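> Given next are the chains, with one letter for each unit.
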Amino acid sequence: QQQVKQSPQSLIVQKGGISIINCAYENTAFDYFPWYQQFPGKGPALLIAIRPDVSEKKEGRFTISFNKSAKQFSLHIMDSQPGDSATYFCAALQTMDSSYKLIFGSGTRLLVRP
Amino acid sequence: GAVVSQHPSWVICKSGTSVKIECRSLDFQATTMFWYRQFPKQSLMLMATSNEGSKATYEQGVEKDKFLINHASLTLSTLTVTSAHPEDSSFYICSAREIGTGNYGYTFGSGTRLTVV
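These protein sequence lines are chains A and B, in that order. Per our numbering, the very first residue in the first sequence carries number 1; after that it's consecutive. Per our numbering, the very first residue in the second sequence carries number 1; after that it's consecutive.
What the hints contain is simulated information worked out from the structure, not anything from laboratory work. The structure presented is a predicted model; accordingly, all values stated were derived computationally and were not measured. Glycine included, each C-beta is placed from N, C-alpha and C at the ideal position. Be careful, since some hints might not be right.
[To be verified] If you only want the chain A side, here are some residues facing chain B, beta carbon under 8 angstroms, derived: (1) G60; (2) L93; (3) T95.
Excised from the complex, chain A in its bound form:
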């Protein structure tokens, strides 16, 4: 019940295209869903995050879509660029859980071709 399932494992997109990464969760107590971007040899960096009281959040070319009833959320990268090539992790957090543990998805390696 603590898992966050992420797909696809890898994704290749042409420059200018839309990259879509999906995640699903089981624990309905999760109430914070961040996405992280990680470049090789670096730590993850927070990209964008959403709370379940909204269905969509947009920041620049990055959009999170959230479907509470389906317990799914996704990251859309519009106008994908070669510089977006990285590994993306979705995560979930139960903010009222005093352990404050982030539960990570398995990651998606995105390659944006020029």
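Please build the complex by placing chain B on the supplied structure of chain A, with the hints as guidance.
Chain B only, in chain A's frame:
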């Protein structure tokens, strides 16, 4: 924005020696820091939660006597890999949660690549 500094960024050590990795929150206080281990092409695996002034909480299967964690202040946590062996070679990452802002966007360090030879 919040910055977490992790040092060193890479280290090579001989089998049997110990290695210390530092994690500092530069511009905020963090009562809680987390230590992760990441194998190539895999997700982050939480090793332990470090709380300032108290003992760390280790995840199941993580040897607490091998991976010593100290969180001596609100801005510094250290991970010491004791009696390192080649199988301890990995990418170690820390993260910190900022106190009291309601900010749940944990900030990660840049990671430490440990190679044990």
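> With chain B as the partner, please determine if L93 of chain A meets the hint condition of a C-beta pair closer than 8 angstroms.
Holds. Min distance 6 angstroms.
> Using 8 angstroms as the Cβ threshold, decide whether T95 of chain A counts as touching chain B.
holds (6 angstroms)
> Given G60 of chain A as an interface hint, is its Cβ closer than 8 angstroms to any Cβ of chain B?
violated (16 angstroms)
Hint violations for this structure: number 1 only, all remaining hints satisfied.
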